[in-house]
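J.: The lines below spell out each chain.
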Amino acid sequence: MGLTDSDINAIWLTIKLAFTVTIILLIIGTPIAIWLAKTKSWLRGPINAIVALPLVLPPTVLGFYLLIAMGPNGPIGQLTEQLGVGLLPFTFWGLVIGSLFYSLPFVVQPIQNAVEAIGQKPLEAAATLHSQPMDTFFHVIVPLAKPGFISAAILGFAHTVGEFGIVLMIGGNIPMETKVVSIQIYDQVEALEYAGAHRLSAIMLGFSFIALLLLYSFQKRGLATKFRIGR
Amino acid sequence: MTKVNSKSSNIVANLHTSLRSGSQVFELEVKSKFPSTGITAILGESGSGKTTLLRCIAGLEKSVKGLLEIGETTWLDDKRCVPTYEREIGYVFQDARLFDHLNVHGNLQFAVKRSHETVKKAFFEEVVGALDIGHLMQHKPDQLSGGEKQRVAIARALLIKPKMLIMDEPLASLDNARKQEVLPYLAALQNKFNVPMLYVSHSTDEVCRLADHVIVLHQGKVVIQGSINEVFSSTQLPHVYQQETSTIIQAKIIERDERWHLVKAEFDGNVIWLQDHNQFIGRTVRLRIIASDVSLSLKDEKESTILNRLEGRIASIQIDSRGATALVTIDLMNTEVVAQVTRKSIDDLFLMVGMKIWTQIKSVAILG
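These protein sequences, in sequence, are chains A and B. Residue numbers for the first sequence follow our numbering, so the first one is 872 and each next one is one higher. Residue numbers for the second sequence follow our numbering, so the first one is 24 and each next one is one higher.
Extracted from the complex, chain A is given alone in its bound form (with noise of 0.2 Å):
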């Protein structure tokens, strides 16, 4: 296809992030998603909103709060220095942490519908069969929610893959760092390479397109949760 070394550079960077991105969020998107799900809190409403706040904010606005926030005189910032892991800004963790946030509702409500679909009616039937509740969770839960499940690890994935404004806020276009495809395509138009930029524009057209048809053939199969938001 005639892709330069940086091409593929950004390509394997942008695939790594999203797949780190993914694994963590459903690891940390899940028990949120659950207690979303079944909380009877007044903190439900709160926790709904802020989860469901990058849909909204421009991705300009929520990158310059972390960028302030990892910075040198913000709280992560002075935890990692502590830690001794340096500054985040403009590395690849930087923008693993700045994903996170912003994919965190594209995998949150996915698992959150399937979980409400599931309702509390197999949860207990579960319990009256000595089933404790990570019993449940990895034995109930985890399989009748799977098709939320895999929506929620799709639409993570590809959304991931397909920001920018947040990673040209705290990333930047640092090659193998922070470089990732869609920061490589704005860098080819730049320069006028256009047939570059027409290159790996048409791959992510199709990696796109394919993430979809896979989710709604999901969905029309009636395996996977409704996803309804999205912009």
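Read the hints as simulated data drawn from the structure, not as lab findings. For every residue, glycine included, the Cβ atom is placed at its ideal position computed from N, Cα and C. Don't take every hint at face value.
[Unchecked claim] Pairs of lysine to aspartate or glutamate, DMTMM-like flavour, derived with a Cα cap of 20 Å:
| hint | chain 1 | residue 1 | chain 2 | residue 2 |
| --- | --- | --- | --- | --- |
| 1 | B | Lys85 | B | Asp101 |
| 2 | A | Lys992 | B | Glu267 |
| 3 | B | Lys322 | B | Glu334 |
| 4 | B | Lys184 | B | Glu109 |
| 5 | A | Lys909 | A | Glu987 |
| 6 | A | Lys911 | B | Glu84 |
| 7 | A | Lys1017 | B | Asp123 |
| 8 | A | Lys909 | B | Glu84 |
| 9 | B | Lys184 | A | Glu995 |
| 10 | A | Lys992 | B | Asp118 |
| 11 | A | Lys992 | B | Asp123 |
| 12 | B | Lys143 | B | Asp118 |
| 13 | A | Lys1017 | B | Asp165 |
| 14 | B | Lys184 | B | Glu148 |
| 15 | B | Lys325 | A | Asp1006 |
| 16 | B | Lys215 | B | Glu148 |
| 17 | B | Lys184 | B | Glu253 |
| 18 | A | Lys992 | B | Glu84 |
| 19 | A | Lys992 | B | Glu109 |
| 20 | B | Lys385 | B | Asp323 |
| 21 | B | Lys385 | B | Asp198 |
| 22 | B | Lys88 | B | Asp101 |
| 23 | A | Lys992 | B | Glu111 |
| 24 | A | Lys1017 | A | Asp1006 |
| 25 | B | Lys85 | B | Asp123 |
| 26 | B | Lys85 | A | Glu1064 |
| 27 | B | Lys186 | A | Glu987 |
| 28 | B | Lys136 | A | Glu987 |
| 29 | A | Lys911 | A | Glu987 |
| 30 | B | Lys184 | B | Asp228 |
| 31 | B | Lys385 | B | Glu334 |
| 32 | B | Lys136 | B | Glu149 |
| 33 | B | Lys85 | B | Glu50 |
[Claimed, not checked] From the structure, some residues in chain B lie toward chain A, with a derived Cβ separation under 8 Å:
| hint | residue |
| --- | --- |
| 34 | Ser138 |
| 35 | Leu374 |
| 36 | Gly377 |
Assemble chain B onto chain A, guided by the hints.
T.: Frame of chain A, contents of chain B only:
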């Protein structure tokens, strides 16, 4: 009648809870002690708190206060509340609640794996056989009929090897044909597996057929409780069940009359004729004599179509001062039978406690 063995342990349930849904508050206030043997039925109209009581016993309602003891084990008192997953109960929900992601075999194994006792293969086979679900093992729940789902749910609850089997109207969601399909399994279960059962129902037919002990709930409170016969022959039955007042007895089939298609049954020295439904000689059957099917006469009316006429003595007369009827208890040899007659008849015949009287039993239901 099932006599409660004084040595056998009891279940003590003194429970209080109030449930809010919207602006409505439902209060459940139950004080009950019943034997942890046989089948105890909880009878009541919808909204009387039957399901709530079961959910409290299972630990599924969070805001319960009180005392709950199952024999030697305490599940709830001031200090602790044992979580549902540690209570050794089998719970059969009204709507079966099979796990959709598992087939029938997977649903049963879910219980087997989590039972506190080892479930031997022979026991598994026995349960599967008793509920006749062996041919369904590879089916997913959505491929099962309502009756089949309910049978699988009952098997699953038995396989946990519970100390008590709780059934919340297991037949309510089924149509009549399916009901007749599952009911015989239920009746046989208690005998076969000897698990005490707590059975919720709003159907007096089901209760009379299955239960040894009855708790009647009304608006979250216990109205009357006792052995099946005590409860059903009582004047304390709530108004909605007053037409159901009846005597429930165990009788033994002793003789067959081929010519008239009848069988002779004996209870406590009394003899009664029943329709012949191919009952085995020597078998014990449970009979229900509805009080309004019993009439009284001062002499033996031989010129009558009524076959079953028994001589006895009036043991008590309870008059419903607001209505037209009275409940007369007649002492036959060693059994009491209740008759619902009009107050006018009592007056006309000068009926009094201690009088000799002939009871005429118009019909007897054989409950199996």
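J.: Confirm or reject each hint.
T.: Against the structure, the hints:
A hinted pair counts as satisfied when its Cα atoms are at most 20 Å apart, and Lys85 (chain B) with Asp101 (chain B) qualifies at roughly 14 Å. For the proposed pair Lys992 (chain A) and Glu267 (chain B), the alpha carbon gap of about 34 Å is over 20 Å, so the pair is violated. Of the pairs offered as hints, the one joining Lys322 (chain B) and Glu334 (chain B) holds, with about 9 Å between alpha carbons and a cut-off of 20 Å not exceeded. Taken as a hint, the Lys184 (chain B) and Glu109 (chain B) pair is honoured in the structure, with Cα atoms around 13 Å apart against an allowance of 20 Å.
A C-alpha spacing of about 7 Å is found between Lys909 (chain A) and Glu987 (chain A), which places the hinted pair at or below 20 Å, so the restraint holds. Under the criterion of a C-alpha separation no larger than 20 Å, the hint pairing Lys911 (chain A) with Glu84 (chain B) is consistent with the structure, at around 15 Å. A threshold of 20 Å between alpha carbons decides the hint, and for Lys1017 (chain A) with Asp123 (chain B) the separation of about 12 Å falls inside it, so the pair holds. Restraint check for Lys909 (chain A) and Glu84 (chain B): satisfied, since their Cα atoms lie roughly 15 Å apart, inside the 20 Å limit.
For the hint linking Lys184 (chain B) to Glu995 (chain A), the alpha-carbon distance of about 18 Å falls within 20 Å, and the restraint holds. With a CA separation close to 9 Å, the supplied pair Lys992 (chain A) and Asp118 (chain B) stays within the 20 Å bound. Simply put, Lys992 (chain A) and Asp123 (chain B) have alpha-carbon atoms about 12 Å apart, close enough for the 20 Å limit, and the pair holds. Taking the CA atoms of Lys143 (chain B) and Asp118 (chain B), the gap is near 28 Å; set against the 20 Å cutoff, the hint is violated.
Between Lys1017 (chain A) and Asp165 (chain B) the alpha-carbon distance is near 18 Å, which keeps this suggested pair within the 20 Å criterion. Only pairs whose Cα atoms come within 20 Å are accepted, and Lys184 (chain B) paired with Glu148 (chain B) is accepted, the gap being roughly 14 Å. Between Lys325 (chain B) and Asp1006 (chain A) the CA atoms are separated by roughly 70 Å; this puts the pair beyond 20 Å, and the hint is violated. This hinted pair checks out: Lys215 (chain B) and Glu148 (chain B) have alpha carbons roughly 13 Å apart, not beyond 20 Å.
Between Lys184 (chain B) and Glu253 (chain B), the direct Cα distance comes to roughly 31 Å. Violation of the 20 Å bound is thereby established for this hinted pair. Between Lys992 (chain A) and Glu84 (chain B) the alpha-carbon distance is near 13 Å, which keeps this suggested pair within the 20 Å criterion. Of the pairs offered as hints, the one joining Lys992 (chain A) and Glu109 (chain B) holds, with about 18 Å between alpha carbons and a cut-off of 20 Å not exceeded. Between Lys385 (chain B) and Asp323 (chain B) the alpha-carbon distance is near 14 Å, which keeps this suggested pair within the 20 Å criterion.
At roughly 30 Å between alpha-carbon atoms, Lys385 (chain B) and Asp198 (chain B) are farther apart than 20 Å, so this suggested pair is violated. Our distance criterion of 20 Å between C-alpha atoms is met by Lys88 (chain B) and Asp101 (chain B), whose separation comes to about 8 Å. Only pairs whose Cα atoms come within 20 Å are accepted, and Lys992 (chain A) paired with Glu111 (chain B) is accepted, the gap being roughly 19 Å. A distance of roughly 16 Å separates the Cα atoms of Lys1017 (chain A) and Asp1006 (chain A); the hinted pair therefore holds under the 20 Å criterion.
Among the hinted pairs, Lys85 (chain B) with Asp123 (chain B) is inconsistent with the structure: their alpha-carbon atoms are about 26 Å apart, more than 20 Å. A distance of roughly 66 Å separates the Cα atoms of Lys85 (chain B) and Glu1064 (chain A); the hinted pair therefore is violated under the 20 Å criterion. For the hint linking Lys186 (chain B) to Glu987 (chain A), the alpha-carbon distance of about 32 Å lies beyond 20 Å, and the restraint is violated. Of the supplied pair hints, the one linking Lys136 (chain B) and Glu987 (chain A) is violated, its CA atoms being roughly 27 Å apart against a limit of 20 Å.
With a C-alpha separation of about 13 Å, the suggested pairing of Lys911 (chain A) with Glu987 (chain A) holds against the 20 Å cut-off. As the CA atoms of Lys184 (chain B) and Asp228 (chain B) are separated by approximately 28 Å, the hinted pair breaks the 20 Å bound. Only pairs whose Cα atoms come within 20 Å are accepted, and Lys385 (chain B) paired with Glu334 (chain B) is accepted, the gap being roughly 15 Å. Proximity of Lys136 (chain B) to Glu149 (chain B) is assessed by CA-CA distance (about 17 Å); at most 20 Å being required, the pair is judged to hold.
The suggested pairing of Lys85 (chain B) with Glu50 (chain B) holds, with an alpha-carbon distance near 14 Å, which does not exceed 20 Å. Satisfaction of the interface hint for Ser138 (chain B) is found here, the shortest Cβ-Cβ separation to chain A being roughly 7 Å, below the 8 Å cut-off. Violation of the interface hint for Leu374 (chain B) is found here, the shortest Cβ-Cβ separation to chain A being roughly 52 Å, above the 8 Å cut-off. Interface restraint check for Gly377 (chain B): the shortest CB-CB distance to chain A comes to about 53 Å, outside 8 Å, so the restraint is violated.
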